[in-house]
Structures are given as C-alpha cells and as structure tokens.
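Residue strings, one per chain:
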Amino acid sequence: MASRKTPLVATHWFPLTVGALTFVAIGVIFEYLLRADILNRYIIPLPSDVLAAFERIVVEEGVLTRTGVSAFEVLTAGIACIVVGVPLGVLLYRFDIVRRALEDWIAALAAAPIVLAFPLFLVLFGRGSTTVIVIAFTYGLAPVVLKTLEGLIETRRVLINVGKSLNMSEMQMFWKILFPSAIPSIFTGIRLSWTFCVIAVIGVEFLVNLGGLGQLINDLAERYDMPGTYAGIGFVILVSVIFFIILEWIEKWLQPAR
Amino acid sequence: MASTGAIAMRAPVSRAARERRETRDVFYVRLLVVLAIVAIWEGISWSGLFFGDVVPSLLKIIPALFKLLMNPVFWANLQITLIEAAASLAIGAVTGIVVGILLGSSRFFGAAFEPYVYYLSPTPRIILFPIMIMWFGVGISSKIALGALSSFFAIALSTAAGMRQIDRVLIRVGRSFRATPWQMATKIYLPAMRLPVLTGIRLGLGNALITCLLAETKLSNQGLGFMIMQIYTRFDMPTLYALLIIVFFIAGACNAVIGMLSRSTK
Numbered sequence: 000m001a002s003r004k005t006p007l008v009a010t011h012w013f014p015l016t017v018g019a020l021t022f023v024a025i026g027v028i029f030e031y032l033l034r035a036d037i038l039n040r041y042i043i044p045l046p047s048d049v050l051a052a053f054e055r056i057v058v059e060e061g062v063l064t065r066t067g068v069s070a071f072e073v074l075t076a077g078i079a080c081i082v083v084g085v086p087l088g089v090l091l092y093r094f095d096i097v098r099r100a101l102e103d104w105i106a107a108l109a110a111a112p113i114v115l116a117f118p119l120f121l122v123l124f125g126r127g128s129t130t131v132i133v134i135a136f137t138y139g140l141a142p143v144v145l146k147t148l149e150g151l152i153e154t155r156r157v158l159i160n161v162g163k164s165l166n167m168s169e170m171q172m173f174w175k176i177l178f179p180s181a182i183p184s185i186f187t188g189i190r191l192s193w194t195f196c197v198i199a200v201i202g203v204e205f206l207v208n209l210g211g212l213g214q215l216i217n218d219l220a221e222r223y224d225m226p227g228t229y230a231g232i233g234f235v236i237l238v239s240v241i242f243f244i245i246l247e248w249i250e251k252w253l254q255p256a257r
Numbered sequence: 000m001a002s003t004g005a006i007a008m009r010a011p012v013s014r015a016a017r018e019r020r021e022t023r024d025v026f027y028v029r030l031l032v033v034l035a036i037v038a039i040w041e042g043i044s045w046s047g048l049f050f051g052d053v054v055p056s057l058l059k060i061i062p063a064l065f066k067l068l069m070n071p072v073f074w075a076n077l078q079i080t081l082i083e084a085a086a087s088l089a090i091g092a093v094t095g096i097v098v099g100i101l102l103g104s105s106r107f108f109g110a111a112f113e114p115y116v117y118y119l120s121p122t123p124r125i126i127l128f129p130i131m132i133m134w135f136g137v138g139i140s141s142k143i144a145l146g147a148l149s150s151f152f153a154i155a156l157s158t159a160a161g162m163r164q165i166d167r168v169l170i171r172v173g174r175s176f177r178a179t180p181w182q183m184a185t186k187i188y189l190p191a192m193r194l195p196v197l198t199g200i201r202l203g204l205g206n207a208l209i210t211c212l213l214a215e216t217k218l219s220n221q222g223l224g225f226m227i228m229q230i231y232t233r234f235d236m237p238t239l240y241a242l243l244i245i246v247f248f249i250a251g252a253c254n255a256v257i258g259m260l261s262r263s264t265k
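Protein chains in written order, with numbering that gives the first Met the number 0: chain Y, 0 to 257; chain W, 0 to 265.
Extracted from the complex, chain Y is given alone in its bound form (with noise of 0.2 Å):
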C-alpha cells in the first residue's frame, strides 16, 4: 500500500493537480453557497460570472491596450534601473569608502515606503505616465546597485587571480573577470528591481486612476461591476505572476552550472 502510494505523492505534477483542484474546489462550493443565498451576490459575485466576465473585459474593456501601457511603464522603469543602477553599483564597488559611506542607507531606501510619496511625484511630474515611471524607477533603484556590488564582491578570489597573473589592466580585469562573473547576481537585482516596478506601476495606477492595467481595477470597482472587477484582479495578478515566473526562467538561466 505504502510503495504504491509513496510515488504519486512524490511526482511533480499530482500535488500541483491537487494545488489546482483544491481551487476549483473553492470555487465550485462558492458558486454552491451563492447560488443558495447563504453568501450575499451583492458582495462576492458568482464564480461563474467572473468567468465569463474574462472575455468582456477583453472585448469591451481594452485589456491589451491597457497592460501594454503598464508594460511600457514597467519596462522604462526597468531599464532605467538598470542603466543607472548597475553603474552605482560598479562605483560603490570601486571606491571602497564610498560603500561603507552609503551601502546601508540604500538599503534603508529600499525598504522605505516610496510609493507612498506618489503626491509628491504627482505635483513634481504632473499626472501622467512620467510620474508612474518616475516613481517606479525610484522604488526599483536600490536591489540592482545592491546586487551589483554583492557580485562583483563576491567574484571567486582564484578567477581575481588568474586575472593578476595575467598581468591584466583594470579595464580587462573588470570586462573579463569581475563583471562576467557578477552577471548571475546583476540578474537577480534585475529580477527584484523588476517585480518591484510591476508593484509600484500597478499600485499608481490604482491608486490615482491613471493609466493601465491599475486604473482598469479601479473603473470597474467604481462601476460597481463585481464580476469585472474580481476579473480584471484575476487577470492582473496572472498576467504579473507570468511575468515572474518568465525573470526566474532567465535568471536560473544565467546560474552558472553547480
């Protein structure tokens, strides 16, 4: 009994069924409970309906026109991280007195709450895709200096050597050896940088009905429109869990093979 069971609990894809199934379970007895008035239809909409609503918000509501405003802004954001953030990070890297100045105050910056400042970016930058941008580049600045600096300073002590013995300059030290060597650690800055602006981008919007996928939440909610609503949540938390899911995809990736 126990070695035919040991298996398929083992394999990869019976607990993501369960996983799976156990939510559609979920929705199932909800649908049940609403359908029987013990939940109120006013409040949570029928399971069935947010279901259906997925194609209305496609057809009626310009989805794709909206995530491809967030995903500009996301990706400006981005690359501007990381433009600017991989430079600081070589610089904090090069001048060691600079780091131990600076490296804990930005790591206080990423930890600070800089979405919240969005009135004053707001009254800085007016209200439009530039202060979404502005503040998202803010918020996704501090992971890639500080993964930067981690990789280069975690470079293996034999590769600096090597490097040394071959009488390189500091130029060909840095192209050669320190920044290949750091590209792994660079890549999970990006990684977090990124998902970072993704939150920040999608929280503005939200929050100051501009723009994207963000103010599409907040149309429907003002709407009234339960079933949009609970679907244009579900479409957003997909659409940003695959764009995770596509940066871990790289960054395992560029790990260097163990």
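Honestly, the hints are just simulated from the structure, not real lab data.
Keep in mind that the hints are not guaranteed to be accurate.
Some residues of chain W that are not near chain Y, with every Cβ distance over 10 Å (derived) [to be verified]:
{"#": "1", "residue": "Ile39"}
{"#": "2", "residue": "Leu77"}
{"#": "3", "residue": "Phe107"}
{"#": "4", "residue": "Ala110"}
{"#": "5", "residue": "Pro114"}
{"#": "6", "residue": "Thr179"}
{"#": "7", "residue": "Ala184"}
{"#": "8", "residue": "Ile187"}
{"#": "9", "residue": "Lys217"}
{"#": "10", "residue": "Asn220"}
{"#": "11", "residue": "Leu260"}
{"#": "12", "residue": "Arg262"}
Far from chain Y, by Cβ distances over 10 Å, these chain W residues were calculated [to be verified]:
{"#": "13", "residue": "Ala75"}
{"#": "14", "residue": "Ser104"}
{"#": "15", "residue": "Arg106"}
{"#": "16", "residue": "Gln164"}
{"#": "17", "residue": "Met183"}
{"#": "18", "residue": "Ala191"}
Residues from chain W that face chain Y, not an exhaustive set, calculated with beta carbons under 10 Å [said to hold, decoys possible]:
{"#": "19", "residue": "Val25"}
{"#": "20", "residue": "Leu31"}
{"#": "21", "residue": "Trp45"}
{"#": "22", "residue": "Phe49"}
{"#": "23", "residue": "Trp134"}
{"#": "24", "residue": "Leu208"}
{"#": "25", "residue": "Leu239"}
Values in this document were obtained by computation on a predicted structure and should not be read as measured data.
For every residue, glycine included, the Cβ atom is placed at its ideal position computed from N, Cα and C.
Given chain Y, put chain W in place with the hints provided.
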C-alpha cells in the same frame, strides 16, 4: 629579533589608527553627501525652476515638521495607522506561521500549495482593496484585512523555508518524547526557526504598514495616509514633505527594531 618584536608591537597600533582614519573618512563622505543633497535641494528651491513651493526650502520644511509634531491631529492619525498595522501584522503572522508550518512540515502540502503562495506573494496587493471594501466596509477593518493579506505571504514563505532547515535530530527528539502537535510547534519548531520567522515578520510588518498607508490614501477618513491626501489637496507642500519624512522614519524605525530583535535572539 628585536626589530621583529618592534614591528609586531607597532602593527596593531597602526591597524587601529587605520581603522580610525577609515571611520573618519566614512563620516566625511556621509557628511559630504548630505551637504551635497541639501545644497542641490536649496539650489533647486531658490532657482525657481519648479512652480512655487513644489520644492520648498528646508527653512520651510523644518518648521512644518515641528508644527506637525505639535499637532494632536497628527498623533491621533498616527495611532490609527499603527493600530491598523499592528492588527494586520498580528493576523498575518498567526495565519502565516500556521500555513508556513503546514507547508514546511509536509512535502506534499508544500508541493501542492507553496507554488501558489510563492508566485502570488510579489503581486501588487493594493488592487485587492476594492474587494476588501466590499467585504469589510470603508472603516479600518478593510485596511487591516488588506494589510494582513500582504504580511501573510512573506511570513508564510519564510516560516515554510525555516521549517525545512530545522535539524532533523531536534524533530526526532520531539517525536521520541511523544510530543503532541501543539508541543512540537511551541517547543521544537518555533524555537528552532525563530530567525527565519522573525525575518518574515520584519518583511511582513513593512508590507502591512505600507499597504495600510496606501489603502488610507485611496479611501478612508482617518490615519496618516488620509492625512497625506488631505495635505496634498490643500497643496501644503512643506507639511507634505514633513509628514513623508516622519512616515519614512517610522518605517525605518520599525524595520530597525525587528532587525535588532532578530540579532539579539541569534
């Protein structure tokens, strides 16, 4: 021989001197950075580059800061926000630790449900706010619910990870004493994984605080987030800067306190 001894004696002194010099240099760099920021700030402020008062001089922000700290309304709102964050954290921590123990103690549960928790954890939580308003109303309960939800993920994930790195021997000791599940949790699991749990709580507190504040800016009639929006609507920029400085300071202080707590339990 004598000269070697002299070098050996001199070495520690020079190292101490070097460390002192480096500490001093670090201080100077920091001072320089702060002065540069202040100079740039004041420069922009006086240049008239931005519309009046968008970048107010520090001479206006500092008095606004003191005025704010003297204002009882600020303290009342702070109290509301802190209550929300604390309640969020309490709910998020209890549910997170329970779920984390379940996910971490059973390989099957972990494989079945942890991917969902893991991939949902970095999604933007604030978009769930409309649902929370429907369920819990516009008062503080909806903020607490959203805050609890956002602290839950970090705590559940680090508890689950913490469960897996517990020394197997400790678990076997518990089993051989025939500990009940409750005893296993309180005597073996939680003490053995207090560090990852505290890390989770630190992240969770940050998430709870920021989520409550953001939710307050969206829809509420009390709390610091509400106060920020009120000040923004009045276009009272010096006070807005002052309030944001205070909020950032509070967030930093919360982080530091739990960081200290986890260092002291090491």
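Structure-based check of each hint:
no. : hint   : verdict
1   : Ile39  : holds, 14 Å
2   : Leu77  : holds, 14 Å
3   : Phe107 : violated, 5 Å
4   : Ala110 : violated, 4 Å
5   : Pro114 : violated, 7 Å
6   : Thr179 : holds, 24 Å
7   : Ala184 : holds, 23 Å
8   : Ile187 : holds, 24 Å
9   : Lys217 : violated, 6 Å
10  : Asn220 : holds, 17 Å
11  : Leu260 : holds, 16 Å
12  : Arg262 : holds, 14 Å
13  : Ala75  : holds, 19 Å
14  : Ser104 : holds, 14 Å
15  : Arg106 : violated, 8 Å
16  : Gln164 : holds, 19 Å
17  : Met183 : holds, 22 Å
18  : Ala191 : holds, 25 Å
19  : Val25  : holds, 5 Å
20  : Leu31  : holds, 9 Å
21  : Trp45  : violated, 17 Å
22  : Phe49  : holds, 7 Å
23  : Trp134 : holds, 6 Å
24  : Leu208 : holds, 7 Å
25  : Leu239 : holds, 6 Å
The structure fails hints 3, 4, 5, 9, 15 and 21 (numbered hints given earlier, in ascending order).
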